[in-house]
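Following the hints, put chain B in place on chain A, whose structure we already have.
Protein chains: 2
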Amino acid sequence: MEGKKRNLAILGSTGSIGKQTLQVVRALPDRFRILGLAAGTNTTLLAKQINEFRPRFVSSQDRRLKSSLAETGGELLSPEEIASHPEVDAVIIATSGKAGLSPTLAAIRAGKCIALANKETLVMAGEIIMSEVRKNAAQILPLDSEHSAIWQCLNGERQKPAKLILTASGGPFLHYPAEQLTRVTPREALKHPSWRMGRRVTIDSATLMNKGLEVIEAHWLFDMPFENIKILIHPQSIIHSMVEFQDGSIKAQLSCPDMRLPIQYALSYPERLPNPQLPRISWDKIKSLSFEEPDYDSFPCLKLAIKAGENGGTYPAVLCAADEVAVELFLSGHIGFVGIASLVKRVLDQHKTQAHPSLEEIMAADNWAREATLKLAGEK
Amino acid sequence: MEGKKRNLAILGSTGSIGKQTLQVVRALPDRFRILGLAAGTNTTLLAKQINEFRPRFVSSQDRRLKSSLAETGGELLSPEEIASHPEVDAVIIATSGKAGLSPTLAAIRAGKCIALANKETLVMAGEIIMSEVRKNAAQILPLDSEHSAIWQCLNGERQKPAKLILTASGGPFLHYPAEQLTRVTPREALKHPSWRMGRRVTIDSATLMNKGLEVIEAHWLFDMPFENIKILIHPQSIIHSMVEFQDGSIKAQLSCPDMRLPIQYALSYPERLPNPQLPRISWDKIKSLSFEEPDYDSFPCLKLAIKAGENGGTYPAVLCAADEVAVELFLSGHIGFVGIASLVKRVLDQHKTQAHPSLEEIMAADNWAREATLKLAGEK
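Sequence order for the protein chains is A and B.
Here the first sequence stands for residues 738 to 1117, numbered as in this note's numbering.
Here the second sequence stands for residues 738 to 1117, numbered as in this note's numbering.
Next up, chain A with everything else stripped away, as it sits in the complex (with noise of 0.2 Å):
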């Protein structure tokens, strides 16, 4: 790819990583060119970054877009057409929820280089998205910090490593006293200390969910056995994930806590490009690093997570549903914030489930789970 520019194709342009996804593409102009941008609600956004980068193709439900893409020449297009477009170089997957599930499959049966921040895809349904990609020669790129950092210290190396360590911040509420956290509101739950994210990864952030997802994540896209994961909580947000090796070395990667630079990562890889607007780490600012095991027993979303990685089937999707309907709840004030693991275990527990299923299989567990969700809750 040197010298030449790079089309991209940005499913999910208005959300956080979309945004700043573009923030990198306008850094670097003569390396990237944007040929599709797809977006859901926030149209006004959308119709702004169409006039700025005229891409080629977009995608929206609103009709209203028709005139500003009549005045840049822009086609309107579906998601999946323009994740498997022939002139789409690289597809950045940054929708949030199962909506890029099937985008993504679009993009890796055209043989796509897919950098992918949509947790739903590789959790909900990782054993059919691993094999396609297999099948397809496709590749996909991580885009979260951790699984980036965990990438990066693989490059060059032959062997499977030893294990991985997955860092997490510990999220707002490290420390906090079993009943401290039972009077924990939304407002405070959406104050993350290291991150700047989306209303529901910062509320999994707060519970460690997310860090749950994560281990999934890892799971399919180093192919890692769950024992061989382990989580650290890192405060810090500096470490960004490690990788021990089979002579029991280990490599860490350490950067500012910033999406750029791992999406930037990801878009240039192999090469690594100067980016003067991505912040370095000032040695005289960082006075410690520091380290403690994850509180299980507070955060029982991190074990419920795990477990539902290991037994398979369709327990991570009806883990991903269910979390994402209760933290709906909890953000309207119907349950309190322990209540999100109580209710997703609640679910959890009365799933019946299916092995190695199909991906309709997946969406009927992912129904069933919001539907048992609410019941269970008492809102239906």
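The hints are simulated quantities; they were obtained by calculation from the structure and are not laboratory data.
Possibly wrong hints are sitting among the right ones.
Any copy, or any two copies together, can satisfy a pair, since identical chains are not distinguished.
[Stated by the list, open to error] Pairs of lysine to aspartate or glutamate, EDC-like flavour, derived with a Cα cap of 16 Å:
id, residue 1, residue 2
1, K967, E1029
2, K900, D984
3, K897, D960
4, K897, D984
5, K1044, E964
6, K1117, E1065
7, K1082, E1108
8, K1089, E1108
9, K835, E1097
10, K897, E1008
11, K967, D1021
12, K742, E824
13, K1082, D1034
14, K967, D1032
15, K1082, E1047
16, K967, E1030
17, K1044, D1086
18, K742, D767
19, K897, E964
Just chain B now, kept in the frame of chain A:
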């Protein structure tokens, strides 16, 4: 090399690095065979090693070894002959002092893979050594934990990094007030907080001269300008060094402070071998890793070394020789701890350097520096 035993020659087999190399070989008998051993004055230990490892070639000044060799069928050769023998796959240069220079050059000219622990070689003659390495398609693999860490972090990266970050424990006198440093005894200076090493390198670690010499080595090994090599004090000696890349991402290598890991990595590269004798990091024991800038005023050897490296020519050879003599004068009670730096500085100030010196000119500068150091100390 997979599946095939590697034939090793160890020069300096009775020293600290030599003995630890033999421990690695002992732990992995299916992978390595000792073809040659060379040692200086410790004939008793060398005779034991000959009995255990039955090397085909031995180098020693001590004619009494002839009888042990008659028993094992070994042959007495010079270090240079062993280092360049066609059947030797890798040469471990574990000698200390300038005695390592000539066999290293012999190994390079024979196009060998050289695992280098000898500091003087690159510090005194880096320009000549690296040019010979390129000319003869030889390979120098670092054995020092810091340079091994950098080398591991560079694995798989295609571009020149932005910065090397060498970590330093800070030695036993970290945070000592200036006045207290003047009263340091040899006995105190010989106790290093994290590493067990030979006498000179232990004192050099206490003055931070050792870190300065490592900066010069890193400059040559990784072709990195001095201004892009940073030193960071990290008292726990868990992160052995780091590399900052063009995009600001940093990789660090972590392990317990045990020289057997970098030794084994150099011998097994590009493979990593499981070795149950190597300690692994227990994260429940590591609470925090701390960092601070070095105190250049209290430890002037650091700046002296970096400046000698930057000025080049015969300055680094003079630095190295003057320091060796000054350390001896300190250990024998002739000068104080802070006298080491001031004595080395006075020798450097008196020196008339030679740009791009030949080996003979480097050796002449070394001799001059030893004489000058003794004279300035009033010992001659």
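*Give the relationship of K1117 and E1065 under a CA distance limit of 16 Å: within one copy only, between copies only, both, or neither.*
Answer is within: at 15 Å inside a copy they meet the 16 Å cutoff, but 84 Å across does not.
- Item | Status of D960 relative to K897 across identical chains (alpha carbons, at most 16 Å) | within (9 Å within a copy, 30 Å between copies)
Notebook entry, point to check: How would you label the pair K897, D984 (within, between, both, or neither) given a Cα cut-off of 16 Å?
Noted result: The answer is within: 11 Å in one copy meets 16 Å, while 26 Å across copies does not.
How do K742 and E824 come out at 16 Å by Cα distance, when the copy is not named: within, between, both, or neither? This pair counts as within: shortest intra-copy Cα distance 12 Å, inter-copy 50 Å.
Can you tell me if K1044 and E964 fall within 16 Å by alpha carbon in one copy, between copies, both or neither?
For K1044 and E964, the Cα distance is within 16 Å only inside one copy (11 Å; across copies 50 Å).
Check K897 against E1008 for me: Cα-Cα at most 16 Å, and say if that holds within a copy, between copies, both or neither.
Cα proximity of K897 and E1008: across copies only (11 Å, versus 23 Å in one copy).
Legend entry - Homo-oligomer pair classification [E1108, K1089; C-alpha up to 16 Å]: within (14 Å within a copy, 85 Å between copies)
16 Å Cα threshold - placement of D1021 relative to K967 | between (30 Å within a copy, 12 Å between copies)
My question is about K1082 and D1034: at a cut-off of 16 Å on alpha-carbon distance, are they close within one copy, between copies, both, or neither? Cα proximity of K1082 and D1034: one copy only (14 Å, versus 60 Å across).
- Query: When no copy is specified for K742 and D767, does a C-alpha distance of 16 Å or less occur within a copy, between copies, both, or neither?
  - Reply: within (6 Å within a copy, 50 Å between copies)
* To do: Check K967 against E1030 for me: Cα-Cα at most 16 Å, and say if that holds within a copy, between copies, both or neither.
  => Classified as within: same-chain Cα gap 9 Å, cross-chain 31 Å, threshold 16 Å.
**Request:** Since the copies are identical, ignore which copy is meant and state whether K835 and E1097 lie within 16 Å (CA to CA) inside a copy, between copies, both or neither.
**Result:** within (13 Å within a copy, 72 Å between copies)
In this structure, none of the earlier numbered hints is contradicted; all agree with it.
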